[in-house]
Structure formats: structure tokens, C-alpha cells
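Generate coordinates for the entire structure from the input sequences, incorporating the hints supplied.
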Amino acid sequence: MSKLTPVLSAHWDEPDSFTLAGYQRHGGYNAMKKALDMDADAVIALVKDSGLRGRGGAGFPTGNKWGFIPQGDNKDHYLVVNADESEPGTCKDTPLLMANPHVLVEGVIIASYAIRAKHAFIYIRGEVTHVTRRLLQAIEDAYKAGFLGKNILGKGFDLELTLHIGAGAYICGEETALLDSLEGFRGQPRLRPPFPAIAGLYARPTVVNNVESIASVPAIIEKGAEWFTSLGTEKSKGFTLYSLSGHVNNPGQFEAPLGITLRELLELSGGVRSGHRLKFWTPGGSSTPIFTDAHLDTPLDYESVSAAGSMLGTKALQIFDETTCVLRAVLRWTEFYKHESCGKCTPCREGTWWLVQILRDLENGKGTEADLAKLLDICDNLLGRSFCALGDGAASPIMSSIKYFRGEYIAHLTNGGCPFDPVAATLFASSKAGA
Amino acid sequence: MTAVQPQTDLITLTIDGFEVTVPKGTLVIRAAEQLGIQIPRFCDHPLLSPVGACRQCLVDIEINGRAFPKPQASCTIPVENGMVVKTQLTSEVAHKAQEGVMEFLLVNHPLDCPVCDKGGECPLQNQAMTSGRGESRFEGKKRTFEKPINISSQVLLDRERCILCARCTRFSKEIAGDPFIDMGERGALQQVAIYEKDPFDSYFSGNTVQICPVGALTGSAYRFRSRPFDLVSTPSVCEHCASGCSLRTDVRRNKTLRRLAGNDPEVNEEWNCDKGRWAFQYTMVKDRIATPLIRENGVLREASWPEAIAVAANGLQGKKAGVLVGGRATVEDSYAYAKFARATLGTNDIDFRSRPHSDEERDFLAAHVVGSKVRYSDIDTADHVVLVGFEPEEESPIVFLRIRKQVRKRALSVTAISPWQTRGFKKLQAKYIGVAPGAEGNALAQLSLTNQSVIVVGERLCESAGGLSAVAELARKSGAKIAWVPRRAGERGALEAGAIGNLLPGGRPISDAAARVDVAAAWSIESDSIPTSAGSDSKAIFAAAARGEIKALVIGGVDPFDMHAPDFAGLESAFVLSLELRPSAITERADVVLPVAAVTEKSGSFMSWEGRTRSFEQAVPETPHQSDLYILSLIAEALGKPLGFSTVRGAAKEFGTLANWDGARASFTSHPVANAAQGVTLASWRQLLDNGSLQVNEPNLAGTARKAVARINAQLAAKLGVANGDLVTISTDHGALSLNVELSDLVDDVVWLPRNAVASQSLRMLGVLNGAQVNIRKGL
Amino acid sequence: MASAPKTFDENFLSRLDAIIARYPRSRSAIMPMLHLVQAREGYVTAEGIEVIAQKLDLTTAEVNAVASFYTQYRRTPAGEYHVGVCTNTLCAIMGGDAIFSGLKDHLGIENNERTADGKVSLEHIECNAACDYAPVVMVNWEFFDNQTVESAKTLVDDLRAGKKPAPTRGPNSVPTFKEASEVLAGFNDGRANEGIQAGDPTLLGLKIAKGERK
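Residue numbers (this note's numbering), protein chains in the order written: chain G, 1 to 435; chain D, 1 to 780; chain E, 1 to 214.
Wrong hints could be hidden among the right ones.
[Unchecked claim] BS3-like, lysine-lysine: derived pairs with alpha carbons at most 27 Å apart:
| # | chain 1 | residue 1 | chain 2 | residue 2 |
| --- | --- | --- | --- | --- |
| 1 | D | LYS707 | G | LYS338 |
| 2 | D | LYS707 | G | LYS374 |
| 3 | G | LYS75 | D | LYS427 |
| 4 | D | LYS96 | G | LYS403 |
| 5 | D | LYS427 | G | LYS403 |
| 6 | G | LYS3 | E | LYS207 |
| 7 | E | LYS153 | E | LYS119 |
| 8 | D | LYS70 | G | LYS235 |
| 9 | D | LYS197 | E | LYS55 |
| 10 | E | LYS210 | G | LYS223 |
| 11 | D | LYS142 | D | LYS96 |
| 12 | D | LYS405 | G | LYS75 |
| 13 | G | LYS223 | E | LYS207 |
| 14 | G | LYS338 | D | LYS70 |
| 15 | D | LYS142 | G | LYS338 |
| 16 | E | LYS55 | G | LYS118 |
| 17 | G | LYS338 | E | LYS104 |
| 18 | G | LYS75 | D | LYS431 |
| 19 | G | LYS374 | D | LYS142 |
| 20 | D | LYS141 | G | LYS338 |
| 21 | D | LYS431 | E | LYS153 |
| 22 | G | LYS75 | D | LYS409 |
| 23 | D | LYS173 | E | LYS55 |
| 24 | E | LYS55 | D | LYS426 |
| 25 | E | LYS119 | D | LYS427 |
| 26 | E | LYS55 | D | LYS707 |
| 27 | G | LYS338 | D | LYS426 |
| 28 | D | LYS142 | G | LYS366 |
| 29 | G | LYS3 | E | LYS210 |
| 30 | G | LYS374 | D | LYS147 |
Hints are computed from structural coordinates only; laboratory data are not their basis.
Here it is, written out as C-alpha cells:
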């Protein structure tokens with residue numbers, strides 16, 4: 001039990017956790033008051049000292065990002081929160097915002113104050129109506145309470161907060177595509193440099209942070225950097241949300257210090273689906289190379305996962321048991337990348353088109369072993385050659401799955417089709433089994 | 001030349017083992033070009049902003065020993081000191097990356113090269129050979145689209161061939177300011193798209209065809225007409241306006257099949273307008289005059305050249321004559337007309353202005369334009385550009401593009417003095433000063449400029465009395481430069497050549513004895529044989545002929561309906577010699593008609609609005625036609641007063657000796673701004689694509705012409721009780737025309753009409769100029 | 001330029017202006033404006049594209065470029081209830097594929113089609129950030145968690161019968177497509193307080209930490 005550290009989720013079990021009253025009952029918006037009494041640079045320094053790293057996947061130190069914003073440049077600055085949670089397997093920001101939108105609003109106020117932004121935006125994906133409602137309401141209530149708008153708490157700080165609602169495009173989770181989308185363009189990634197810190201939204205200095213990163217800020221302000229650094233590992237400080245899904249007995253959200261292992265999380269939650277065993281899993285969403293049961297004890301922090309050949313990503317732990325055809329899983333992810341490829345660059349646009357066709361053939365037992373070499377070579381031509389990381393994400397599941405399950409690919413060919421029964425993998429099958 | 005080159009920091013880097021030093025900010029792909037290393041590319045274009053989309057130009061880069069973890073797009077990375085670049089020539093990783101991208105590009109490409117217009121000159125085809133694998137490993141299903149689709153009457157889009165490099169969409173947005181094409185859909189279904197109801201409405205659309213690196217965009221007129229290797233290309237110069245565009249004319253078996261924009265960084269960069277690209281059928285029309293014609297018993301009949309020359313000479317012999325040059329003559333032809341008038345016919349009654357003109361203008365040209373050298377580069381360095389009597393997108397499109405470039409690049413401030421806030425002005429983000437036509441001078445007087453400013457003056461400002469005087473005064477006060485932009489390609493050259501009554505070649509004032517001596521000596525004639533007083537202008541020449549004072553007219557390429565209130569009486573009574581391409585209102589009344597060569601059929605030069613000489617060679621190898629100057633030389637010979645040259649080279653050489661005059665320029669006396677007319681006044685100018693005689697037989701081009709409408713503002717509309725789309729009739733004592741109304745941002749009580757649309761030929765139908773009072777009423 | 005759009009009522013036009021006012025630069029308003037067009041029309045109509053182009057001083061091609069990029073903007077009318085079945089890997093394997101094919105059979109329509117009564121349109125969707133509730137079905141982008149083939153069939157039957165069932169995590173009754181689109185255009189419908197704050201999986205870690213669950 002001691003392994004779990006509910007901070008963000010500490011009061012989610014209260015029915016009114018999403019309301020202003022519910023949030024304030026446990027000290028909500030006190031961190032804002034504290035921060036507004038601090039020097040803005042001291043806020044940045046505190047977040048730097050905490051070692052908080054971006055929770056959206058890349059793990060870039062949040063305080064450093066804030067520090068890149070040029071000060072005294074007489075330009076408008078912007079804070080943009082990336083709430084476009086769309087990476088397959090990733091499901092942490094959405095429940096967080098449904099249960100407690102105010103913690104994000106408070107984090108936005110503190111971060112905007114630190115980087116001297118007078119207008120902040122939350123870019124939320126368009127496919128979560130109720131979360132949108134709760135954010136709209138929270139923002140409205142924060143304005144009414146005097147936490148947003150002109151001269152907040154009489155401290156002379158002004159901040160407008162606008163909720164921008166997406167419309168179905170995974171690529172907008174890429175920060176520069178998100179900015180283009182927010183500016184009213186097709187959500188396609190921009191050239192870097194210039195980086196958003198220099199020329200972001202409307203070509204002005206801009207910080208783009210993930211929901212969980214910003215939501216972690218109020219607690220850091222309240223409890224201090226030392227408290228935060230006391231959690232986690234040497235380079236991966238603090239706590240975070242791990243999302244467990246798939247073939248487990250009890251899926252859900254687990255807030256724990258960085259560095260916990262999947263074995264520990266499975267033990268806490270009740271393990272892999274009863275009667276089955278772990279086959280493969282993603283440590284941080286579909287774009288992170290898959291792991292197998294050989295990685296059960298890999299600490300889930302940025303460094304360890306990376307050293308083991310994948311990425312911590314969004315800590316979206318999708319668990320698949322032995323009933324799952326890895327080729328089917330990978331094909332479906334590849335279809336997703338094809339569907340979500342923005343079309344801007346050749347390798348991703350054409351590569352995903354091609355990969356889907358080859359994988360479909362293989363899944364149907366068509367092809368030869370030489371096609372596996374071709375598949376890997378196409379992935380090699382895609383990985384690191386595309387404009388943004390979407391292309392890398394498309395190549396990763398294929399390359400990692402062939403690495404661990406080459407035999408299963410070949411079995412499709414010798415079997416003349418998929419050897420798996422899809423029904424056995426469904427939740428209904430397991431509930432029948434469990435009934 | 002005069003612009004001070006800014007101090008540039010230099011960067012030294014190594015590419016494939018060779019050191020190269022280039023200015024800071026240079027992209028790696030272009031630094032490699034300096035070494036002769038060609039990195040394959042598609043989306044990259046030096047005049048468009050980098051996008052890094054196609055990924056074909058991937059190279060390995062390390063900086064100070066630190067290697068990028070993956071290959072980088074060399075079209076997006078600026079050079080840095082100590083950078084070490086390995087292209088496909090020295091890096092296996094770069095080589096494989098490029099092969100991989102090429103293979104990806106061909107996944108969905110139809111490989112229909114044998115039936116593709118681009119085949120043989122296709123960057124995709126060429127680079128697939130140089131940078132691709134021998135064979136594709138793709139065995140799957142390609143995406144298909146309906147093909148091709150018209151995105152305008154003149155541009156076709158084949159989406160299957162498109163590699164989505166976004167050159168066309170970036171051009172339309174960045175360069176032309178016409179984002180009527182954009183990307184649609186996404187992923188592998190991404191495609192260039194128009195909005196279904198709104199076609200690609202741009203005067204510059206042809207450039208997208210030219211810069212398309214595959215056969216996705218093709219021109220309707222050229223489609224399936226030829227293979228590039230069957231064409232013979234000749235560098236050319238555009239004859240359609242005074243912008244001075246460098247072109248390339250592609251000819252197969254004596255037929256011009258297409259024209260492309262040439263590359264001249266100082267003038268048109270790599271662009272041109274659709275008229276310059278797609279209006280050339282006029283030289284190949286069926287009614288082209290093929291042989292000399294002489295009038296016998298009131299009817300023109302074919303004649304031999306010797307007979308026609310003799311009849312022409314006979315008709316001119318001993319008569320007081322006037323010479324009308326038209327605005328489209330080459331410098332050499334204009335010079336021949338200028339010399340023919342003085343040395344052969346003994347008259348100063350010569351004028352190139354076969355369009356509205358004034359004495360104020362004539363004096364302005366002699367004092368402030370002839371010999372001046374304001375350049376495109378002055379726009380590049382200007383602190384302020386003022387547009388007056390001039391709508392650059394309609395009247396000199398490359399001037400428009402150049403101003404727009406600076407507006408985008410450095411927010412150049414532009415002021416437009418005009419009765420109508422046009423789409424072109426908006427695209428220049430111009431400060432619009434709305435004035436009624438005729439009142440431009442008053443607005444100019446309010447401006448404050450510097451010696452870094454440029455006042456761009458359109459030819460039609462002469463229709464507003466006092467307008468040019470106000471320009472001269474503003475320039476005097478501020479030191480601002482004056483750029484006079486005539487519409488036609490030959491006007492500036494004709495001015496310099498002395499094809500106007502008050503100037504001899506080289507801008508020599510006719511009133512200046514030393515100037516006359518100069519010219520007479522060069523021409524080996526008696527100096528007193530050049531009349532000392534300024535000759536009449538075009539309008540006065542017609543009038544004098546009507547009165548019987550002028551008894552012979554030599555007319556080259558003039559449409560009398562281009563002038564206000566043309567007077568045909570003189571054409572009936574005088575002896576008329578017409579040098580023409582096609583039948584016209586002049587040839588109908590001429591006594592002798594001599595066919596002349598079109599620009600593609602001769603060499604020569606135009607002088608752009610800058611005063612820049614733009615020479616070109618004959619593009620069509622075999623032609624029965626001769627240049628105006630050759631024909632004039634024959635007549636002069638027959639009249640016993642030879643021109644002394646009969647070739648373009650000879651004329652150019654002689655003009656070269658006279659082109660620069662270091663004596664005093666003519667002086668200029670200011671004219672007052674006229675009082676505004678009462679009631680509703682007319683504003684009118686030509687649209688780029690209209691009923692112009694050089695645009696005949698170009699239905700695809702005509703399909704993109706802007707609609708002819710009468711433009712009024714809401715105030716006048718309310719007064720008249722009309723709404724958008726309603727018919728109105730505009731009339732004068734001379735005549736009337738009717739058009740549908742489009743409510744626009746105009747000043748009060750002004751109606752704007754196109755000057756030369758089929759349904760709106762304001763000069764011909766109304767007989768009045770800008771600023772004239774007209775009647776306007778609802779309905780027919 | 002755009003041809004004159006059909007007359008939109010003043011209320012609609014003023015709400016377009018209200019969207020524009022949210023942003024420092026008007027073009028940013030294009031996406032919520034497209035959502036609002038769907039709230040009025042049920043999909044992105046030509047008139048909708050034209051009115052946006054006019055309001056934002058863009059070409060229709062530019063608006064179309066944006067509208068066609070994002071999958072939520074529909075080219076054809078959505079049903080009153082737009083049903084999305086997640087068939088991304090995890091949901092698909094956990095039963096999403098079976099649910100989707102079951103609904104196609106049950107409704108007699110294919111992907112991106114609408115039932116003849118206009119009540120239900122069907123689409124297979126990508127990951128909707130609810131993997132711990134797999135398999136997931138969305139109705140007008142409200143969560144219907146842990147579905148089975150049978151529960152999904154009952155769900156669409158209820159929708160067609162006008163029963164307005166309550167989402168698992170959402171308001172007390174499911175809104176129509178147009179009503180939901182209005183929320184996505186950024187207009188608060190006042191229903192934020194309805195429904196639960198979190199489902200069981202969301203609270204699992206907390207409850208284990210608090211010793212309320214083993």
C-alpha cells in the first residue's frame with residue numbers, strides 16, 4: 001500500500017470533487033495565493049528545483065521549459081495546456097479533468113504567473129463532452145471567484161483562460177501541430193527551430209505543458225520542492241499517474257512514485273486476468289516499443305524504461321495476455337497511425353499506407369519470411385526520417401513486436417492465417433470464464 | 001547598384017569533405033549547391049519558405065563533433081560554423097534515407113510517365129533515376145482519385161501524381177496572396193483542393209504549374225500538346241506589360257506551344273502572370289495579315305512587297321505627315337519610327353501614346369521619367385511605397401509581387417490613393433486613401449515622404465489634371481523617387497527612343513539646339529532639318545488630319561478605341577499607312593496595310609518601367625514577317641531618305657550611341673488640380689485579363705478573367721435603390737452601357753467600370769475618362 | 001470569393017462573433033465555429049463553410065482545408081445520436097470489434113452511415129482515453145463504459161426509442177448530437193454538475209492506497 005501516493009487523486013472519491021467548493025475544501029487555490037505572493041522567477045526556480053518532468057511523454061524538465069521564455073521582451077507570452085490526450089492506451093488526463101478540473105485551472109494560474117503570460121489556453125480533445133463541460137464550468141467558477149480575469153486577488157496579475165476544443169486529430173498532441181491547430185490551421189507540425197519558447201502561439205514565446213504536469217504544480221508550490229524530490233528516483237522525481245488497462249483483473253489509475261514496476265502495480269491491483277499470463281505490454285502508450293514479461297521488474301521511470309529499449313511515454317500500461325495475437329494488435333495500431341498521419345511528410349504518409357497493406361497480408365497468412373525483412377527495412381526508412389515523432393511511433397510497435405515475437409509472425413504464414421481466436425481475448429470471454 | 005550591400009556574416013562548413021564559406025542564414029542544401037553538390041529535393045524552392053515536408057534531402061550533419069541522432073532535412077537547416085555535412089555522396093545513412101524516401105514517394109504515384117506532360121522534364125522522374133532504387137518493392141494497392149480535375153479553366157489537377165510538396169499552395173498563399181488552393185483531407189488522402197464552388201482565382205496561377213515538381217498541375221492549353229524534348233526554347237521578354245518579365249518561349253515546328261517564366265532575380269525572380277504565360281495565340285490566329293494590302297477602288301487587295309512599298313512611299317511623298325507608334329513597339333522599332341518621322345518625313349508629329357494622354361503628362365515624362373533609373377531594388381529598400389493612378393495587380397503584376405514580397409518580409413508600408421479599395425491593395429495591406437478620380441493630387445499633397453520612398457505612378461494618372469504635377473512636387477519636397485509605370489511594354493522604350501513630339505532619342509529636348517545638333521550629326525542630316533517646335537500628340541494628330549492639315553498618317557499597332565473620343569474623319573481624308581498584325585479599325589480605313597512580325601518572330605528589346613533594357617531573340621525560326629523597322633527602312637529608302645539601318649542590330653547599335661544625353665532635361669511647369677466634377681463620376685481602368693487584342697483565342701485564360709461589374713458603394717446603391725447583382729445603366733452624351741452592380745469599398749458617388757471588358761468598354765461606349773461626370777440609373 | 005451564405009439567424013451569427021472574441025486573433029475561432037455549425041446543421045454544410053470564411057476574412061478553400069482535416073467535422077448529417085465504437089487495439093481486442101460488427105448487423109448500416117430514421121449514425125473511432133473502461137462506446141462523445149455486444153445493442157435500441165439513456169460517466173441523459181456540438185463549440189450547457197465525479201477504475205488506486213480495497 002505504501003507504494004501508492006495519491007496526491008492529484010487524493011480526493012477524487014468525494015462526489016463533488018470537481019466543484020470549486022469540493023476543491024477548496026482541501027486547500028484548493030491556496031497554492032495560487034502562495035505563488036502570487038512569490039516573485040515569478042522564484043516560482044520558476046521552485047519548479048526547477050522540484051525536478052518535475054513533462055508528463056506528456058517526452059519528460060522534459062518543466063521548470064527549464066518555463067525558464068526558456070525570454071523575459072522583459074515586451075511581447076505577449078502564452079501558456080498552452082496540452083489536454084489532447086489521444087495516444088492509444090493513454091487515459092490519465094481525462095479522468096483527472098473529470099474528477100478535478102480546478103487543479104488544472106490553479107496550475108494554469110501559477111504557471112502563467114511564472115512565465116508572465118496574460119492569456120492561457122487549454123487545448124482539449126473534442127471527443128470528451130462531459131470533461132469539456134466540467135472544464136467550462138470550472139473556468140467560469142474561477143472567473144466568478146476572482147481567480148481569473150483582471151487583477152487576480154488584487155495582486156495586479158491579469159489572466160484570461162480560454163478552453164479550446166479540438167475536433168479529432170491525434171497529431172494535435174504534438175505541440176507544434178497543437179499550436180497550428182489553435183491558430184486555426186490544419187494541425188500539422190511546424191519546423192523547429194524556432195521553438196515555441198521563442199516563437200510559439202502567434203509567433204510569441206509560449207510554454208506548452210501536459211495536463212498532468214501543470215496539475216502537479218499546485219502541490220509542489222504548497223509542499224515544496226523537497227517534498228517532491230523525496231519521491232521517485234534520482235533522475236525521475238516525484239509521483240505520477242500510471243494507467244493500467246487491458247487483460248488485468250482490475251484496470252484503473254494508480255498514483256505512485258516514479259520507478260514503481262509493473263510487477264508491483266499488478267500485485268497491488270489484482271494481477272493479470274485470472275487464468276491467463278502476461279504476453280506483452282506497452283509502458284507508455286502505443287508509440288513506445290512493447291515489452292514482455294521479461295520487463296516486469298523494469299522500474300517505470302524515464303531512464304530505466306529507456307535503457308530497456310522503450311520509453312516511459314504516458315505511463316499507459318496496456319496489458320495483453322496470451323490470448324492476444326500480437327500481429328492483430330500491431331496491425332490495428334498501424335492502421336491508427338495511418339489514419340492519424342497528418343499527410344505533411346512523405347515517410348509517414350506513404351510509409352503507414354504501405355505498412356498497413358503488408359501487415360494485413362501477413363495477418364491473413366499471405367507473404368513470405370522475406371516480407372518480414374522488407375517490413376523491418378521500411379520501418380528503418382520511416383523511423384527517424386519523418387517530420388515528427390508520429391512516424392517513429394508507427395515504426396516502434398512493428399519493430400519491437402518482430403523483435404520479441406518473430407515466430408508468431410511466421411506462424412501466421414505457415415498457418416495460412418491468424419492462429420488466434422479473437423473471442424478468447426474479449427472481456428466477455430473472461431467474464432463468462434469468471435462467472 | 002546604388003543600394004548599399006549590408007555587411008554579411010560568413011559561415012564556413014564542410015560538405016562531403018570540401019570546405020565552403022557562405023553567408024549566415026544560408027540553408028545547407030544551398031551551401032551544397034555552391035560546391036556543385038546536388039542534394040535531391042522536391043518541396044524545397046528558394047523563393048518559398050522552407051517546409052521540410054518531402055524529406056528527400058536528408059543528410060547527415062554534425063556540429064563541432066556532435067552528430068544529430070538522425071538525418072536532417074538539408075532544406076530547413078541553416079549552416080553553422082564547424083558544421084560537417086555528409087550527403088548521399090559520402091554517407092551511407094543519407095544515401096539509404098534518400099532511397100527510402102524516394103521509394104515512399106512512388107508508393108502512391110501512378111508512374112504514368114508515358115502519358116504525362118511532365119515526362120522528360122520531371123524532377124520526380126529525374127531524381128527517381130538518380131536517387132532511387134532500381135525497382136520499387138511496393139506490391140500493394142495505390143490510392144486512386146478521379147483525374148484530372150479543373151481547379152480553374154486553365155489549371156488541371158491530377159491528384160494521383162501529386163507528391164504533396166505544397167509548393168503550389170505555398171506559392172498561392174505566400175507569393176500571390178491568393179489562397180484559393182489549400183490542402184484538404186489528411187494522411188495519404190491529403191490532397192490539394194479548391195473549395196468546390198470557388199475556383200483557383202489568381203492572376204498568377206500558372207506559376208504553380210511551372211513549379212510543380214511532378215505532372216500534378218498542368219495547364220489546359222498545353223496539356224497533351226508536346227513532349228519537352230521536341231521543343232526548342234528561346235529566352236524571351238514579355239510583351240504584355242511594362243513589368244519586363246524574362247520568359248522562355250518553347251516552339252515546335254514554328255509554332256509557339258508554351259511560354260514559361262524566366263529566371264531573373266532582379267526583375268521577375270522566377271514568376272510571371274497568367275497573361276504573360278498564356279496569351280500567345282494572337283500571333284497564330286487565322287486572320288493574321290499575311291501579305292501587303294493596298295486599297296483599290298475602296299477595297300483592300302493583296303499586293304507584292306515592291307508594289308506596296310512603292311504605293312506607300314508615293315502616298316507619303318511630300319505630304320505633311322503624322323506618326324502614331326502604338327505602345328507595343330520594341331525599342332528598335334520605336335527608334336525607327338522616331339527617326340523615320342524626323343529624318344524621312346521631316347516632322348515632330350509623332351506620339352507613342354495611343355491611349356489617353358495630356359500635355360501635362362508629356363512634359364512630366366520629359367522632365368521626370370526619361371533617363372531615370374528607378375529599379376525594383378528601390379522597392380526592396382523603400383521605407384514607403386505610394387501607389388497613385390495605379391492598381392499594380394491589374395496593371396503591372398510583377399510590380400505587385402515585388403511590393404507584396406517586401407510587405408511580407410519587412411512590413412513595408414504602402415499607401416494607395418484610389419477611388420476603390422481593391423483586393424490587390426488589401427493584399428498589400430495598403431493604407432487606403434479613398435479619393436474621387438481627379439482628386440489624387442490633393443491627397444498627394446498631404447503626404448510626407450523621405451528620399452527612401454518610392455511614388456509609383458500609373459499611366460492613367462494623366463487623366464487627372466494636376467495629378468502628375470502633385471507627384472513632381474511631392475518628389476521635389478521629399479526627395480522620393482518617381483517610378484512611372486505605363487501599361488504597355490513598348491512605352492518606356494518609345495519614350496527613350498524619342499517617339500514623342502517633344503523629345504529626340506535619349507530624352508533630348510526638341511527645344512534644345514545642342515540636342516538637335518547631336519542627333520542630326522548622328523543621323524548625318526542637316527541640323528535645321530529637324531523641326532524646332534514640339535510636335536503634336538496623338539489626339540492632336542488625329543484632329544489635324546480631320547481638319548486636313550495633316551495629309552498622311554503612319555500608324556503602327558494602334559487601336560483608336562484606346563483613346564478617348566477617337567476621330568475617324570482624318571482616317572478617311574488622309575493617306576493612311578498601317579503596319580499591323582491583324583485587321584483593325586485602322587486597317588479598315590488604311591490605304592496601305594503592311595504586315596509586321598510579332599515579338600516571337602523577331603529579335604529586339606523592350607524597356608521595362610525601370611528603364612531596363614530587356615533584349616530577346618527570335619523564338620520562331622521561320623517566319624514570312626519582317627519587323628516594323630525593316631519595313632520603314634524600305635519606305636525610307638524609296639523616299640530617298642534612308643534610315644541608315646535595316647536590321648534590329650543596326651538600329652540598336654545606332655540608338656546605343658544616342659541613348660544617353662548628359663544635357664539638361666526639359667523643365668516642367670506645374671498644372672493645378674482640376675475641380676471635381678459634379679454628381680456621379682467615373683472611375684475606370686483595365687483589368688489584367690480583358691478584351692485586349694493580344695488575348696484573342698485564349699478561352700482558358702479568359703475563363704479566369706474577373707467578372708465585369710459596375711462597382712459602387714452602399715451610399716450610392718441606397719441612393720439608386722439597387723442591391724448587389726442588380727442591373728444599372730451608366731450613360732453619357734456619347735453612349736451607355738449596362739452592368740450588374742457589385743457593392744464595393746468605393747468613395748461616395750463614384751462608379752467604377754472595367755475599361756476594356758466585352759460588356760464594358762468605357763472609352764468606346766461612354767467616350768469619357770476617369771473623373772468625368774456620368775449618369776447612372778437602376779435597370780436598363 | 002464565397003458566394004453569399006444563406007441567411008443565418010442573428011442569434012447564430014452573434015454566437016459566431018462571441019467565439020471570435022475569445023481569441024487574440026480571429027482565425028483561432030475556426031474550429032469552435034465549425035462545431036457551432038454542426039450544432040445548428042448537424043454537419044458541416046457549404047453554407048457553414050461560407051459564413052465562416054466571410055466572418056474570418058478567409059477563402060473558402062482555407063476553411064475547407066481545416067474542416068476536412070479533423071475527423072469530428074462531418075460531411076454528411078450525423079444521426080441524432082452519433083455512436084462511436086472504439087476499435088483501437090485495446091478496445092478492439094477486449095470486444096470492440098465484436099461490438100462494432102454486432103451494431104452494424106443490428107442497425108443494418110455500415111461505418112459512417114445513418115439509420116433511415118435519422119436517429120443513429122455509426123462510426124468506428126480511435127482511442128478515446130478510457131482504456132481502463134474498455135470496451136468503450138461513445139454516444140455524441142459521452143462515455144458508455146465497459147460495453148458488451150448485447151449492452152451496446154440495447155443502448156442503440158434505447159436511443160432509437162428516444163429514451164435518452166444516461167452515460168456511465170456524463171450527464172443524467174445523453175444529449176443530442178447538436179446539443180453536444182454546442183458544448184464542443186465552447187458554450188456551457190449547465191450540466192457539468194450532473195453525473196458522477198469518477199468511475200471505479202479511476203478510483204481504484206486511491207481506494208487501494210486508503211486501504212478501502214484490496
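Straight-line alpha-carbon gap LYS427/D to LYS403/G, limit 27 Å:
Not OK: LYS427/D and LYS403/G at ~56 Å, beyond 27 Å, violated.
Between LYS75/G and LYS427/D, does the CA-CA distance stay at or below 27 Å?
26 Å, holds
Holds or violated: LYS142/D and LYS96/D, Cα atoms, limit 27 Å.
23 Å, holds
Does the structure keep LYS374/G and LYS142/D at a Cα separation of 27 Å or less?
The given pair, whose Cα atoms are some 18 Å apart, holds under the 27 Å limit.
When you check the alpha-carbon spacing of LYS338/G and LYS104/E, does it fall within 27 Å?
Given that 27 Å is the threshold and the Cα spacing comes to 23 Å, the pair holds.
Check whether the Cα positions of LYS70/D and LYS235/G lie no farther apart than 27 Å.
Holds, at roughly 25 Å.
Taking 27 Å as the top limit, are the C-alpha atoms of LYS142/D and LYS366/G close enough?
With a Cα-Cα distance of about 18 Å, the restraint between LYS142/D and LYS366/G holds, given a limit of 27 Å.
Starting from LYS141/D, check that the Cα of LYS338/G is at most 27 Å away, please.
15 Å, holds
Assess, step by step, whether the Cα of LYS223/G is no farther than 27 Å from the Cα of LYS207/E, and give holds or violated.
Given that 27 Å is the threshold and the Cα spacing comes to 23 Å, the pair holds.
Pair hint outcome, LYS173/D versus LYS55/E [Cα-Cα no greater than 27 Å]:
Status holds; Cα separation ~19 Å.
Going straight from one Cα to the other, do LYS55/E and LYS118/G come out at no more than 27 Å?
Cα-Cα ~26 Å, so holds.
Does LYS55/E pair with LYS426/D here, judged by a C-alpha cut-off of 27 Å?
Distance ~16 Å between LYS55/E and LYS426/D Cα, so the pair holds.
Going down the numbered hints, you'll see the structure goes against 1, 2, 5, 21, 25, 27 and 30, while the others check out.
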